[in-house]
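*Asks:* Under our numbering, the sequence shown is numbered contiguously, ending at residue 1501.
Accuracy of the hints is not assured; some may be wrong.
Simulated pairs of lysine to any residue, SDA-like, Cα-Cα distance not exceeding 20 Å [as the list claims (entries may be wrong)]: (1) K1135 with A1450; (2) K1302 with M1075; (3) K1260 with P1140; (4) K1302 with V1192; (5) K1165 with M1325; (6) K1279 with S1132; (7) K1135 with F1225; (8) K1302 with F1313; (9) K1328 with G1168; (10) K1375 with L1162; (11) K1490 with N1374; (12) K1165 with L1326; (13) K1364 with F1350.
Okay, the calculated beta carbon distance ranges per label pair [claimed, not checked]: (14) L1417 with S1261: 42 to 48 Å; (15) T1069 with K1328: 37 to 43 Å; (16) G1411 with F1313: 24 to 30 Å; (17) Y1306 with K1250: 46 to 52 Å; (18) Y1283 with N1374: 40 to 46 Å; (19) V1179 with F1329: 16 to 22 Å; (20) A1418 with N1374: 44 to 50 Å; (21) N1186 with Y1283: 32 to 38 Å; (22) F1247 with A1121: 46 to 52 Å.
Keep in mind that the hints were calculated from the coordinates and are not lab data. Beta carbons: idealized from backbone N, C-alpha and C, even for Gly.
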Amino acid sequence: MHTKIGLAMLLGVIGGWLLQEVTAAEYLVQTITKAGHEVTLEVLDPNSQRAVWLAPFVMAANIFMSLLKMLIVPLVLSSVVTGVAGIAGGKEFGRLGAKTMGYYMLTSFLAIVTGLLVINLTQPGVGANLNLPMPDNFAPGEGMSFVDILLRMVPQNIFSALSDNGSMLQIIVFALMLGYFIGKTPEPHGSRIKSLFESFFEVMMSLASGILKLIPYGVFALVVKVVGETGFATFKPLLYYMAIVAFALLFHACVILPMLLKFVGGISPIGWFRAMSPALMTAFSTSSSSITLPVTIKSAEHRGGVSNKHSSFVLPLGATVNMDGTALYECVGVIFLSQYYASTGDFDLTLAKQVFIVITALLASIGAAGIPSAGLIMMTAILAALGLPIEGAMLLLAIDRPLDMLRTLVNVWSDSCGAALIAKSEGDAILDCHE
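Can you build the whole structure from these sequences, using the hints too?
*Replies:* Okay, structure coming up:
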């Protein structure tokens, strides 16, 4: 997939550049009319001619965005309900479950705060030339103070919330509550509803995987459109954004998580990294924490010294609900686009809205499926909740693949660090095989 996306980007750049050259040269001058002895020269507008050529690519990009919008609500609802129901219904969800969930919520929150600080210090979206006009029907949500956010977290009517992408935080809160009480409901009713949501989630995963296979075509159409309209100016802020996201991810992976290993668990970060290197390489190459899970468990047990009792509980749970890299990416990406819209005067990026982004990113990361580019779908959910157009997410999609590989590596690395810390606290001899 990354080869196809890279090729699509290259072809899109070439296509957009050719489109600019052709329209500028061929349509800028001449329509000549002879009337008697007079010759009238009519100069045609190259922008209008370019728009005609760009129309098929714009239509293809819009269709792909509609497919992404279609996935948001059912995928988030089914994945969060399934993940939480599995946790709440587990027989060992006592001391071990509390430690695991405490670690996962802490590291996800630390990752989001890291991204929040980095993106606010660097502000790559301010003054960026992204060529993303605000839609005419844009109506920013009212009541975005911190108190209003808390009051609006619980939906008064879940069916109204499900029909409105802007109510994503309400949908996530409802899914968390529903999943928890499904796990606590006695047989046979709880297991029946849980099986229904698990089946629905698997179907949605298949649908999402099928739609995400269209990413190269969406990237091609989008890059042709962007380069054809603005040239190469848009890629400069995107490269800056990529560097900032990569720095934030690496800081979380190389500083924050190793500090937890060293000072909380007394575990050598370098030794644990060596033990988990097969899983980290697999995560980076596949961009899927779910596909990497068997390698993660094997590395933690055979190379790291984690017992099967702990690895079989902590790591599958982490692959479902612990997405540090995804949570950080969602926060940084949404605030980057918010900074851009704020700098154009179309959006007010207040502190309360940044708090809203943090809360939504933290909760949405629980529902991020362990498949490539799933974080993009969650980003569109947060943008929709803010009332912002998701075209910005489509633009970031053009450079998403390298970042997707890196954030998946961070997700798996965080899962493995959690397994090491929790197993050490439960008495496992971590890294004995290296001593």
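*Asks:* Which constraints among the numbered hints does this structure fail? Numbers only, ascending.
*Replies:* Going through the list in order, the structure violates no hint and respects every one.
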